[in-house]
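S.K.: Here is how the chains run, residue by residue.
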Amino acid sequence: MKGMFKELRSNRWYYLMALPGLLYFLVFCYLPLPGVLIAFKDYNFKDGIFGSPWVGLQNFAFYFQGDYAWRTTFNTLFINANYIVVGTVIAVAFAILLNEIRTSFFRRTYQSLMFLPYFFSAVVVGNFVYLMFSSKYGLMNQFRDLLRLAPVDWYSAPGYWVTILVGVYVWKNTGYAVILYLATIVGIDDELYEAAALDGANRWQSIRHITLPLLVPTITIVTLLAVGKIFYGDFQTIYSIVGDNGLLYETTDVIDTYVFRAVKNVGDVSMPAAVGLYQSICGFLFVLGCNWAVKKMNNDNALF
Amino acid sequence: MTKKKLLASVLIMMLLSSLLAACSGSGGSASKKEGNAGEEKNEQGTGGEEKAQVGGTVKIVLPGDAPKDLANVQKALEDKLSADGLPLKLEFTYFPWDQYSNKLNLIAASGEKYDLAWTHVSWLSQIVSKHVVAPLDEWLETNGKDLRASIPSANWLSASIDNQIYGIPTLVPTAENNNFFAIRGDLRKKYNLPEIRTLADFEHYLDTIKKNEPGMMPIANDGTRGLLREFGDVYLPVGDMGAGPGYVDPADAELKVHNFYESEIFKNIVNTKRKWYLNGWMPKDAQEIKDPEAALNNGKLAAIWSNVLKTTERIDAFKKTLPQGELEDVYLNPDKPKYIFDAASNLLSVFSTSENPEGAVAFVNWFRSQQESYDLFSYGVKDVNYKLDGSAISVEGIDEQQTYHQVYWAWDDIRLKHFSKHVSPELIQSLQKWDEGAIEASTLGFRFNADPVKAEMAQINAVEKEYVDAAYAGFSEYDQFFPKFQSKLKSAGIDKVIAEMQRQMDAFVASKQK
Amino acid sequence: MHAQKTRYSLSQALFHLIAIAFCAFTTIPFLLTVMVSISGESSVIQHGYSLFPDTFSWDAYRLIFSGDEIWRGYMVSITVTAIGTGLGLLLSAMLAHTMAGQKVKYRNGIALFIFITMIFNAGLVPWYIFVTKYLHLKDTLAALILPMLINPFHVFLIRNYFKSLPPALMESAEMEGAGPFYVFAKIMLPLSTPIIATVALFYSLAYWNDWGLALWLIDDRKLYPLQFILFKIQSMIHYMSTQGNLVSGSQTLPSETAQMAMVLVTIGPIILVYPFIQRYFVKGIMIGAVKG
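Protein chains in written order, with the working numbering: chain A, 21 to 324; chain B, 138 to 651; chain C, 3 to 294.
These aren't lab readings, by the way, just hints derived from the structure by calculation. Treat the hints with care, as some may be off.
As the list claims (entries may be wrong) - Derived DSSO-like pairs: lysine-lysine, alpha-carbon spacing no greater than 30 Å straight-line:
(1) C:K140 to B:K250
(2) A:K315 to C:K107
(3) B:K437 to B:K447
(4) B:K327 to B:K347
(5) B:K427 to A:K284
(6) B:K412 to B:K427
(7) B:K404 to B:K475
(8) A:K66 to B:K240
(9) A:K26 to C:K107
(10) B:K570 to B:K456
(11) C:K140 to B:K240
(12) B:K240 to A:K284
(13) B:K473 to B:K404
(14) C:K224 to B:K519
(15) B:K427 to A:K192
(16) B:K326 to B:K412
(17) C:K135 to B:K240
(18) C:K105 to A:K315
(19) C:K135 to A:K284
(20) A:K66 to C:K140
(21) C:K107 to C:K165
(22) B:K404 to B:K348
(23) B:K348 to A:K156
(24) A:K156 to B:K558
(25) B:K427 to B:K437
(26) B:K456 to B:K421
(27) B:K437 to B:K412
(28) B:K226 to B:K250
(29) B:K625 to B:K412
(30) B:K404 to A:K156
(31) C:K165 to A:K26
(32) C:K188 to A:K26
(33) B:K327 to B:K558
(34) B:K473 to B:K326
(35) C:K140 to B:K205
(36) B:K447 to B:K519
Said to hold, decoys possible - Counterexamples of contact, computed for chain C against chain A with all Cβ distances above 12 Å:
(37) W60
(38) S68
(39) I72
(40) R74
Since the model is a prediction, treat every value here as computed from it, not as a measurement. C-beta: ideal position from N, C-alpha, C; glycine also.
Please put together the full structure from these sequences, using the hints given.
M.R.: Below, the structure is given as structure tokens:
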């Protein structure tokens with residue numbers, strides 16, 4: 021206790037600066053948190069959160085006793101892992117690439133154009149995907165036609181869809197991530213590159229030994245933050261692309277789409293809350309583990 | 138002598154006028170209303186606390202968007218209300234379609250003070266068990282007498298749970314409600330096809346379209362319920378689109394609940410849809426016809442699902458783009474018995490947190506009992522928001538800012554509503570008489586409460602969505618998907634759900650016999 | 003020397019090629035969006051999306067811009083975005099500064115504290131009850147700003163950037179008696195323009211694109227932000243097309259075309275503002291001050 025007061029006093033300006041921000045989180049995130057109790061209750065509106073009857077783990081039953089717990093969890097993790105890995109590699113590659121482009125006019129133009137898909141709503145993205153992959157007039161099949169290949173019934177074949185979803189993710193989010201990584205690269209001291217050039221390093225070597233290592237902290241943070249949410253599926257996009265097409269559920273049905281489908285007509289509030297809690301806890305444990313591993317490698321890069 | 142005659146004539150006059158007052162029809166209801174309100178006010182004045190005074194604000198929640206001219210119509214409504222003795226103020230709030238029921242739940246959760254809302258019979262058991270809406274019987278007695286009298290008891294029964302009424306139902310034809318198709322009548326005539334009465338006739342029509350109209354899709358994959366007339370006109374306690382875990386045959390005296398997915402009915406429907414798909418009568422991709430209504434109106438679709446009133450609702454938009462086209466309703470096997478399974482669909486309910494339930498009920502009572510008030514609330518101010526051509530309604534020539542597109546179907550009343558000029562008077566007549574001759578299924582009034590088996594229902598829903606949608610779109614071969622489907626249903630607990638349905642059904646029957 | 007230069011310009015060409023390819027991948031759908039938004043609706047229904055539609059029509063835009071609802075929506079959105087971004091950025095940066103301070107013992111505790119909020123949340127119902135019943139935020143401008151004021155993700159980004167700045171700068175300032183506020187305002191911020199600009203952009207986009215807060219917390223039509231109005235229009239179009247009675251005005255309801263037009267209506271202001279922000283994505287000044 022005494023140690024805490026001493027610390028608060030000696031660094032009081034720091035803590036004061038942090039206070040408004042911390043207050044925000046306390047009020048808007050922590051105070052409503054007791055509401056997670058809904059997951060353990062048979063919630064009805066008259067008795068409210070604290071008055072509704074306690075039912076223990078019953079609300080978890082529909083998810084875990086069903087056949088789909090494994091499939092949806094696996095799909096969620098698999099798709100998200102792909103998003104993280106492929107998304108990061110491509111975004112970092114493009115950030116470095118753009119940085120290498122001499123003319124600032126082109127660099128800025130490319131950056132802006134890459135950013136455009138971010139603005140498309142999920143519904144519009146679904147329409148575009150259909151435009152590409154519909155069996156009669158879809159662009160992909162027309163393209164295959166040009167190459168004398170037989171058309172594919174994309175919307176009946178679950179096997180292709182993880183790739184397609186990752187493709188869509190890259191298309192939509194690379195611009196956004198590139199802005200971020202580029203901001204970091206831009207902050208690297210020019211002198212480092214100059215010194216390396218003096219030592220006879222070529223461009224590729226500079227990238228490997230200066231740019232990349234200095235990007236690692238940012239990449240680590242972004243990845244750790246994404247890992248924390250790895251149990252949350254990309255509901256908006258996936259639902260607008262796959263919709264109610266059961267033939268694709270084998271590979272694209274994630275936890276969130278499953279819960280939405282199951283609970284839509286039952287109208288229950290506690291069941292989704294229960295699954296949400298499951299997603300939070302698992303994600304949190306996962307991130308704790310990864311953070312610990314990162315700390316072992318380099319204490320500075322860890323999240324906390 | 139003269140005095141006696143005078144006295145006699147005065148007495149006779151009094152007698153006559155009181156008889157007239159007692160027998161007055163709709164013309165007199167306004168004065169009746171004033172009488173009622175007056176009575177209530179008097180009672181309030183005399184200190185009696187039983188009947189609440191009708192006044193204050195009624196906060197109404199509806200789906201969609203506020204009509205552009207709402208402010209003017211609202212004022213007109215309030216003026217007419219107070220002229221009729223009901224000094225109510227109205228406040229309208231509109232929630233977007235997609236999140237409407239979520240918002241209703243949130244209102245209930247945080248105890249916000251709204252009074253009246255649109256609801257639907259299919260959510261009834263959930264919103265009642267979660268105490269979102271309040272029972273209306275008491276207020277119908279005090280403020281809703283006309284409603285109570287004019288709406289048949291079957292409709293009230295369908296809007297009740299455990300013999301308490303939870304919503305004011307619409308009054309529309311309800312027999313075989315969704316078991317229709319609608320087709321392009323002009324195309325049928327063009328190819329000299331007879332009127333469609335059987336499934337074979339219908340398939341012949343689809344085939345003709347496929348062969349002769351290359352730019353059109355014969356039918357989208359949303360038209361399934363119409364096939365129940367062919368394969369089994371049964372009652373589905375859960376499930377709107379022609380599929381649900383259990384079914385009851387109305388002709389079965391014992392009212393046994395069977396597993397719908399194990400039935401021949403389901404098998405036949407799936408096989409039929411598969412046949413349609415393989416023949417190229419249905420779209421190859423799920424998303425090919427994203428918006429069937431737009432496709433129909435633009436001549437891309439030749440047949441679509443329908444219900445009793447739907448054609449009258451679609452016809453305006455249809456005629457705008459296809460003035461030469463005709464919409465024709467198709468009702469398979471018209472000689473087979475006509476059942477009423479559910480006599481209510483859309484409801485107006487009162488929130489359990491409402492502070493002015495009397496006002497809310499009085500308001501509904503008011504506009505449902507007079508043509509003028511009904512027109513005002515549903516269509517707006519005459520000649521400002523709409524025009525009447527005889528009794529046909531039209532909005533041609535009305536400025537965009539003066540439009541009043543109200544969700545009138547939430548309180549539809551077949552006796553009072555106006556139809557578009559494209560709807561012939563004969564059709565209107567037949568619609569008003571549609572329910573005559575229909576058999577009220579003995580399951581009428583039953584509402585399945587899914588709460589005891591909600592975990593199983595959630596799993597079943599998920600399984601259904603995965604397999605049934607694809608099957609009804611013709612994508613799956615019955616023998617291929619059925620074994621997997623059945624085993625998943627079993628492990629999801631469908632037997633438990635059927636047993637629960639049976640248990641509730643038996644309790645329902647028992648309580649009816651009391 | 004000459005060989006290296008050729009290899010050099012070859013790799014430049016390659017970079018340009020790759021960049022152009024990817025940009026085509028992202029720009030063509032955008033062009034399609036523009037074309038569809040000015041196509042006639044029936045043309046789209048008959049033939050699908052096309053860069054060369056049969057008929058042209060401004061119906062989609064006419065529908066969206068009818069009435070003054072949408073202009074008010076722009077005003078609300080701009081106000082909310084400006085205030086939200088400014089305030090959120092300030093609070094985030096201050097938090098990040100504390101979390102980056104090497105002397106601050108509890109900095110990792112604070113990091114954990116805010117990180118948890120990214121993963122755990124109580125769900126819609128408890129949040130709604132809390133915000134409306136206890137904070138009384140319903141139907142206020144604050145309701146559109148406060149609930150998403152700070153995003154932990156952005157706080158971490160800024161923290162990282164602060165940590166990457168040479169500590170010598172801060173040490174020398176502190177030796178001269180500067181407090182954390184001074185260091186923050188006069189040293190950290192000016193040197194961090196790339197990340198500040200980036201986070202400012204991200205926050206603005208988040209506010210500009212949001213319709214969730216309005217959906218749950220705003221019933222007063224005067225306070226609807228732009229995206230929410232578009233969301234309602236979309237809902238309404240869908241309703242009208244299934245409930246076709248009493249439809250006045252245009253031939254066919256511009257459903258597909260309106261969806262595309264909405265994208266452009268949203269992007270519009272961003273495209274105008276973005277080039278101005280871009281020039282901040284450059285190095286912070288005075289890195290060389292360390293030497294001095």
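S.K.: Each hint: holds or not?
M.R.: Cross-check of the supplied hints:
1. C:K140 to B:K250: With Cα atoms ~13 Å apart, C:K140 and B:K250 stay inside 30 Å; holds.
2. A:K315 to C:K107: Cα-Cα ~17 Å, so holds.
3. B:K437 to B:K447: holds, 19 Å
4. B:K327 to B:K347: Given pair B:K327, B:K347 holds - Cα atoms ~14 Å apart, limit 30 Å.
5. B:K427 to A:K284: Cα-Cα ~21 Å, so holds.
6. B:K412 to B:K427: With a Cα-Cα distance of about 22 Å, the restraint between B:K412 and B:K427 holds, given a limit of 30 Å.
7. B:K404 to B:K475: holds, 23 Å
8. A:K66 to B:K240: Between A:K66 and B:K240 the Cα gap is close to 16 Å, so the pair holds against 30 Å.
9. A:K26 to C:K107: The hint holds at about 11 Å.
10. B:K570 to B:K456: holds, 26 Å
11. C:K140 to B:K240: Measuring from Cα to Cα gives roughly 13 Å; hence the hint holds.
12. B:K240 to A:K284: holds, 14 Å
13. B:K473 to B:K404: holds, 21 Å
14. C:K224 to B:K519: It holds: about 28 Å lies between the C-alpha atoms, which stays within 30 Å.
15. B:K427 to A:K192: holds, 23 Å
16. B:K326 to B:K412: Since the Cα atoms of B:K326 and B:K412 sit roughly 25 Å apart, the hinted pair holds (cutoff 30 Å).
17. C:K135 to B:K240: Answer holds: C:K135 to B:K240 is near 15 Å, not above 30 Å.
18. C:K105 to A:K315: holds, 19 Å
19. C:K135 to A:K284: holds, 26 Å
20. A:K66 to C:K140: Holds. A:K66 to C:K140 sits at ~21 Å (cutoff 30 Å).
21. C:K107 to C:K165: holds, 15 Å
22. B:K404 to B:K348: Judged against 30 Å, a Cα distance of about 27 Å means the pair holds.
23. B:K348 to A:K156: With a Cα-Cα distance of about 18 Å, the restraint between B:K348 and A:K156 holds, given a limit of 30 Å.
24. A:K156 to B:K558: Roughly 39 Å separates the two Cα atoms, so the pair is violated.
25. B:K427 to B:K437: OK: B:K427 and B:K437 at ~12 Å, within 30 Å.
26. B:K456 to B:K421: Status holds; Cα separation ~28 Å.
27. B:K437 to B:K412: holds, 21 Å
28. B:K226 to B:K250: OK: B:K226 and B:K250 at ~15 Å, within 30 Å.
29. B:K625 to B:K412: Holds, at about 25 Å.
30. B:K404 to A:K156: The hint holds at about 29 Å.
31. C:K165 to A:K26: Between C:K165 and A:K26 the Cα gap is close to 24 Å, so the pair holds against 30 Å.
32. C:K188 to A:K26: holds, 27 Å
33. B:K327 to B:K558: Holds. B:K327 to B:K558 sits at ~24 Å (cutoff 30 Å).
34. B:K473 to B:K326: holds, 25 Å
35. C:K140 to B:K205: At roughly 24 Å apart (the allowed maximum being 30 Å), B:K205 and C:K140 satisfy the hint.
36. B:K447 to B:K519: At roughly 25 Å apart (the allowed maximum being 30 Å), B:K519 and B:K447 satisfy the hint.
37. W60: Non-interface label on C:W60 holds, nearest chain A Cβ at 19 Å vs cutoff 12 Å.
38. S68: At about 21 Å from chain A, C:S68 clears the 12 Å cut-off, so the statement holds.
39. I72: Holds, because the least Cβ-Cβ distance between C:I72 and chain A comes to about 17 Å, which exceeds 12 Å.
40. R74: Label holds. Min Cβ-Cβ 21 Å, cutoff 12 Å.
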